[in-house]
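One-letter residues, chain by chain:
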Amino acid sequence: MSAPRRERRKADPARRDPERLYVITGDPDGERAALDLVTMVVSQAEPSPTVQPEQAAILRLCRAPLSVAEISAYLSLPFSVVTSLLTELLASEQIESRAPVVRATLPDRSLLEAVMHGLQKL
Amino acid sequence: MDFRSSDTITGPRSEDVLPTTATAAVKVVIVGGFGVGKTTLVGSVSEIRPLTTEETMTQAGVGVDDNAGVESKTSTTVAMDFGRISLSEELILYLFGTPGQERFWFLWNGLFEGALGAVVLIDTRRLEVSFDVIGRLEERGVPFVVAVNTFPDAPHHPVQALRTALDLPDEVPMIDCDARQRVSSRDVLLTLMQYLHSLAVPLA
Chain A
1 MSAPRRERRK ADPARRDPER LYVITGDPDG ERAALDLVTM VVSQAEPSPT
51 VQPEQAAILR LCRAPLSVAE ISAYLSLPFS VVTSLLTELL ASEQIESRAP
101 VVRATLPDRS LLEAVMHGLQ KL
Chain B
1001 MDFRSSDTIT GPRSEDVLPT TATAAVKVVI VGGFGVGKTT LVGSVSEIRP
1051 LTTEETMTQA GVGVDDNAGV ESKTSTTVAM DFGRISLSEE LILYLFGTPG
1101 QERFWFLWNG LFEGALGAVV LIDTRRLEVS FDVIGRLEER GVPFVVAVNT
1151 FPDAPHHPVQ ALRTALDLPD EVPMIDCDAR QRVSSRDVLL TLMQYLHSLA
1201 VPLA
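Chains as they are written, first to last, in my numbering: chain A, 1 to 122; chain B, 1001 to 1204.
If you're looking for bench data, these hints aren't it; they were derived computationally from the structure.
Please note: incorrect hints may appear among the correct ones.
Keeping only pairs whose Cα atoms sit at most 16 Å apart, straight-line, the calculated EDC-like set for lysine to aspartate or glutamate is [to be verified]:
#1 A/Lys121 <-> B/Asp1187
#2 A/Lys121 <-> B/Glu1089
#3 A/Lys121 <-> B/Glu1047
Derived contacts from chain B toward chain A, CB cut-off under 8 Å, selection only [to be verified]:
#4 Ile1009
#5 Thr1023
#6 Ala1024
#7 Glu1054
#8 Phe1082
#9 Ser1088
#10 Leu1137
#11 Leu1196
Positions of the beta carbon are idealized from the N, C-alpha and C atoms, including for glycine.
Using the sequences provided together with the hints, build the complete structure.
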């Protein structure tokens, strides 16, 4: 079964309509960049006047590195909506993302030692 | 869903802004039943006030209703609290507290994939809520430790009795903690890292 699709509109912050989720994510079934909750995002540009308000907010928030989870929290937007917004910003090179260090098949002892060292300082 | 004007978005407090060198993030998931103290644990070690991220899950109502001819979807919002610890100028640890009910957390694609490991937080008054969680982690091959949050009125069980009740393999560490205490929560995370370290294959 396929969800009804809507034409993309310009986001209007004054609207309080549940359908806005579709407005701001564009195509809900569209391709998304592989972003983790802890992928770090950094802006590469200041928001231009034409960018969506949500994306402008992301560009402002990410002047310093911020995880996708934090962006979602500060914007009060669900994770999937944020990844969709970030996908567009990545495609237009307005942000840069850094993938998390993940648990590999053979975990890296030096990484774990760095984590332990940091925890011991708490 | 109501998006606030971007002028009113409150970002991190100035003291919570990460340095530009913060390029490497790792994550650990804290799993446990409702009210077991996940958010307390996250909050006691986090350098930021715990934040909440959410996801809207849409599922077809399979096997729930007789909906022949009617396409039906149910939507659930799942919220997770999380915190952050800057381990160094480069390395950041994120802690996610997620509800123990399997129907919630398996929907979070990628939550466990790539996590260094998990902490199963248990309350000895309601041990059974953790059975399913532990089974799921084993199935997914996510290494975990068990932390017993010590509530004042909870019955104290000998470690061996708890291990037996949980059917924990001998090598899986189990420790007592007081999730309200920063040092105690920190020690839970250290126990997890030491366990992961013991599982790691030394570099040739």
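Cross-check of the supplied hints:
1. A/Lys121 <-> B/Asp1187: holds, 11 Å
2. A/Lys121 <-> B/Glu1089: holds, 13 Å
3. A/Lys121 <-> B/Glu1047: holds, 13 Å
4. Ile1009: holds, 5 Å
5. Thr1023: holds, 5 Å
6. Ala1024: Since the shortest Cβ distance to chain A is 5 Å, the answer is holds.
7. Glu1054: holds, 5 Å
8. Phe1082: holds, 6 Å
9. Ser1088: holds, 6 Å
10. Leu1137: Violated. Min distance 13 Å.
11. Leu1196: holds, 5 Å
Consistency note: the structure conflicts with earlier hint 10 alone.
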